[in-house]
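Protein sequence lines correspond, in order, to chains A and B. Using my numbering, read the first sequence as starting at 80 and increasing by one per residue. Using my numbering, read the second sequence as starting at 334 and increasing by one per residue.
Accuracy of the hints is not assured; some may be wrong.
What the simulated footprint calls covered on chain B by chain A, stretch by stretch (three residues with Cβ under 8 Å from a Cβ of chain A suffice, anywhere in the stretch; the number is not a length) [claimed, not checked]:
#1 366-373
#2 485-496
Using C-beta positions, here's what the derived DEER-type ranges look like [unchecked claim]:
#3 Phe348(B) with Leu227(A): 54 to 64 Å
#4 Ala591(B) with Arg184(A): 49 to 59 Å
#5 Thr451(B) with Val298(A): 57 to 67 Å
One side only, chain B facing chain A, incomplete, derived with CB under 7 Å [what the hints assert, rightly or not]:
#6 Gly386
#7 Arg389
#8 Arg411
#9 Ala419
#10 Leu632
#11 Pro634
Derived from the structure by calculation, the hints contain no laboratory data. Think of the CB as a built atom: it goes at the ideal place given N, C-alpha and C, for glycine as much as any other residue.
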Amino acid sequence: MSELPTATASTELGAAPRSMPDPVNVSPWTSYTTLLRWTLAQIGSLLPLVIIIQALLAAGIIIGFGFLIPDIDSATAMFLSTGAPTVLLLTIGLVIVPQGVSRARADGSFDYMRALPLARPLLFAADLTVWLIIALPSIAVAIVVGWLRYDLDFSFDWPLLIAAAVLVTVMATAVGYAIAVSLQPMLAQLVSQVLVFFVLLFSPITFAASQLPEWFQTVHDFLPLRPGADLLRAGLAADSFEASGRDLVVLVAWCIAGIVITVRALVRRR
Amino acid sequence: MDRDVLHIAGLTRRFGATVANDAVSLRVRPGEVVGLLGHNGAGKTTLVSQIVGLLRPDAGTIHVGGTDAVADPAGARRHVAMQPQAQAPIDGLTPRTAIEIAGRIRGLSNRDARAAATGLAEELDIAQWLDERALPEGRGLSGGIRRLTAFAMTVVAPTPLLVLDEPTNDIDASRRRLLWNAVRRRGDDGAGVLLVTHNVVEAERIVDDLVILNRGKVIASGSPAHLRGTHDGDLRLELELPPGGSDPTADARGLPVAPLRLVRTGRRVLMTVPASEAAPAVAWATALRTRNRLDGYSLGPTTLEDAYLALASRGSDDAAPHATTAPVPLEAPNV
Numbered sequence: 080m081s082e083l084p085t086a087t088a089s090t091e092l093g094a095a096p097r098s099m100p101d102p103v104n105v106s107p108w109t110s111y112t113t114l115l116r117w118t119l120a121q122i123g124s125l126l127p128l129v130i131i132i133q134a135l136l137a138a139g140i141i142i143g144f145g146f147l148i149p150d151i152d153s154a155t156a157m158f159l160s161t162g163a164p165t166v167l168l169l170t171i172g173l174v175i176v177p178q179g180v181s182r183a184r185a186d187g188s189f190d191y192m193r194a195l196p197l198a199r200p201l202l203f204a205a206d207l208t209v210w211l212i213i214a215l216p217s218i219a220v221a222i223v224v225g226w227l228r229y230d231l232d233f234s235f236d237w238p239l240l241i242a243a244a245v246l247v248t249v250m251a252t253a254v255g256y257a258i259a260v261s262l263q264p265m266l267a268q269l270v271s272q273v274l275v276f277f278v279l280l281f282s283p284i285t286f287a288a289s290q291l292p293e294w295f296q297t298v299h300d301f302l303p304l305r306p307g308a309d310l311l312r313a314g315l316a317a318d319s320f321e322a323s324g325r326d327l328v329v330l331v332a333w334c335i336a337g338i339v340i341t342v343r344a345l346v347r348r349r
Numbered sequence: 334m335d336r337d338v339l340h341i342a343g344l345t346r347r348f349g350a351t352v353a354n355d356a357v358s359l360r361v362r363p364g365e366v367v368g369l370l371g372h373n374g375a376g377k378t379t380l381v382s383q384i385v386g387l388l389r390p391d392a393g394t395i396h397v398g399g400t401d402a403v404a405d406p407a408g409a410r411r412h413v414a415m416q417p418q419a420q421a422p423i424d425g426l427t428p429r430t431a432i433e434i435a436g437r438i439r440g441l442s443n444r445d446a447r448a449a450a451t452g453l454a455e456e457l458d459i460a461q462w463l464d465e466r467a468l469p470e471g472r473g474l475s476g477g478i479r480r481l482t483a484f485a486m487t488v489v490a491p492t493p494l495l496v497l498d499e500p501t502n503d504i505d506a507s508r509r510r511l512l513w514n515a516v517r518r519r520g521d522d523g524a525g526v527l528l529v530t531h532n533v534v535e536a537e538r539i540v541d542d543l544v545i546l547n548r549g550k551v552i553a554s555g556s557p558a559h560l561r562g563t564h565d566g567d568l569r570l571e572l573e574l575p576p577g578g579s580d581p582t583a584d585a586r587g588l589p590v591a592p593l594r595l596v597r598t599g600r601r602v603l604m605t606v607p608a609s610e611a612a613p614a615v616a617w618a619t620a621l622r623t624r625n626r627l628d629g630y631s632l633g634p635t636t637l638e639d640a641y642l643a644l645a646s647r648g649s650d651d652a653a654p655h656a657t658t659a660p661v662p663l664e665a666p667n668v
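Bound conformation, chain B alone (with noise of 0.2 Å):
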């Protein structure tokens, strides 16, 4: 636990009835990605609030590079530099000057804060808005540049451990790429980063570790790998159903294989099939499709989504593993 740089132990915290956080359990060791899924309300950012001082817990334990937070909140704090999921107050300053000052926050001198300012703006390919002024109500700036410099003052200095809500939203493709590889660097650079995202696919590539939080309860965790849990031979074939069109996965008996795991989320079903049995799954999409029965279907190597979205499913109401049917409450993730 001491080379830690974050570690949670049973933390508990409720609002009225609800239990935010159940018990919850996690470590980022200095230089670990470490991603926290979960949909919306599975106590995220009640965890993150927690970390930094702004909630507290109503049980268990956060050491945050060896500083008790939940004694010494302030002391902890020290340790971490946060990006919440609300964009960061900068109106009436340019990104430059925000990063700067966040710089100077975070201890550094004025020429290294310049220095790390221009340095970022390269990094995030945002250099042509440095010196663009943000202005009330979401002008001058608009939303993705705004998260990108918020992210940028949030890694402008090193700091022992990085916890960002939900850095990529609003963030153009070509730039979420940038982001991802900028977060991947600070990792190899030292920090612990705790990683809050919907965004699975893309988080996947530079993660070690992930915990899946449903209902405040930690569901799953490893690394991407274990958590797909299935072999590299398997493969991922993705049906779309039409509009209000029936699910011709309902009923068990009428398919062709055995998935190993069978997901629906809106009008996509995901079965994780063996690839030996492939070419029948794919005969009878194909047959679906002719019937119209089927939008279209894709096949592809399984993905860390499958396995979210049937942790996530399952966690919701307690099908039996593999063989999760049932509509999935939950927002669709970012693909």
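Bound-form chain A, shown alone (with noise of 0.2 Å):
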């Protein structure tokens, strides 16, 4: 308080204002653990109600489309159970992320973010580790939902597991994004709402490739999808699937891909 009347006596002397204030100078690490912290908040009340839609739908899926086959064999029920996983972090990725994304450009907050003293990658990487935070869970539950229904005996490839369920969630995440800055939110939300049917009808995930026409199957050898569906599946199931090293190129290429477009749409000018 005593501070006051000097202040007010300065300024109406005129006296001349203090030196300029610094540039902002922040560490990248500091950057992004503090926007780490403010995504977590601002999604983290979201992580029950995103673990339980994950629990329902892999629910509907393991079980509903069980029902689609009569008198359904343990090879058919571990294909089925171990595709599950894929289809859980795919809606993730390419439905429930543009759409956040659809709105943080409509109401003013992804330019609000933009325009603050940080490297733009950095948001983006920000929101890649809230989203494999929430997203990764949903692989225990899709499991323990096969496990309770068919009783199958998995045979986990740990490092595997990890390293195809990471790649797995940043190219659907990365992906996801990429069509949320690059089209109009309308147009974006459209097309993820067409990509679930997609994804869960027509991509050999959760049954075999082979019972798709050829071409078709030729389709999805340079699509992420059954490539990175397989490679989860030889994590979950060592003893049934083998890992393809084709199926990691085509994953990782589609990976860097969306992580191009991102960034280059957060970092460039209108």
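Two chains, two separate frames, one set of hints: put the complex together.
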């Protein structure tokens, strides 16, 4: 309080203002961890809801699809149950992420964050980290449902499982983000809705690729969906399925494409 | 120019056929609060969006703290803290956490950020909401408290340039006063402030300079006294017309005095008259009032608002100076 009269007096006397403040100088790590705290607080409250939705979706796929197949044998049940985690990760990345980004673009918070004094790719890094934290429990959820329903014996290849889960999530989030930052919000919502159908019904994730026409199998060799699912499957049931290096390359290529498009859109001025 | 914290020269930005900024030049020196006035669509937000690298200019230069913001937008952003017109994304956070996070992003230590949050809550009188959580769909915290929180997030750390886009929206009168004082204090502490506002009357008290933008062009700039452009002896006669009533000033021959300036906005007519001729003008207005041609009238000192409205309407339809009688196609500013 004792400072107040002095400050007023100096203003009245027209004293020169104090020196200009320095520009912001913060390490990328501090920016990243602070953004992470911010994003977690915003999306964190959704976490319980997302896990419940994931559990319902997992039950829908594993139990519901099971009804479509009469007298399901244990190999088919295993295929179905090991495909379900991929479907869950893809739904988060390709549907929930673009909806969130479209909303942020519409209400101005996307530009608010882009105006902050930090390297804009860090915004994506923080978002990606939070979506990884939210998405990864869904693998456990799907496995528990499969185990309860069909009493399956999984054989985990942990390094492969972790790598595949992270790659599929990063790919789906990056591609979902890229869709949301490249298209008009309405169009982005529409595309993400169509993608759910494509993932659920037209992608050899919960059924074998051999059931598709040959040309469509070739298409799926270049899309990230089947390769991602097969890698994750090999990590969950290493005794029954094998990982392929080509699948890994396709998945990594899609990851890079999604990240490049997203970072470009974040940095670019309209 | 080296001393300017913000130096904009010849800035032009088009959207299709619309020229949103047309060769705009302005400067903000350290310690100076510059008000940017203009009605909706005048190009204010387009201008500030280019300062922080959200939009790319078609022509012209922007220097922020000596850094070329067109060539190095990321470097320029480190000199700027901006409060945009949209609400800050603080859902899920309390004002305290939001201000602390903003402080960390702007380079404060954890301890300084905590102290700054407490200090700002006192300064803006929002301490009682400091630990209430903002929830989605506008629940938890009112719009005014969210806006004050966003302001606090912007000014939490000393920054060379503050850009505030309509910071007083949704805020009650007593806290608006605290906010204006807080803005002035940042200027006195050495920051340059670019203040975008509709609130001409309130902003007049704290700004050093004003820039008036109309249809993308700077139509006037200078100190409030300079822009007011009239002598201290001049007075303003404000007439309130009844709904659907005809404008008694429409025909200049019926006027008791030759007004220095005449502006109509909605159902209000603002006449600037020399003090020596106030008496006949008031007698004339009283006569109109008794005949119910006016809902009311008042006489007071001239304000910047009169000048602003006159400038803005002149810019809109190129009418002769000091005799603008056409209906003013602009949103009435907050008074």
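* **Those earlier numbered hints the structure runs against, lowest number first** => Hint check: 1, 10, 11 fail, others pass.
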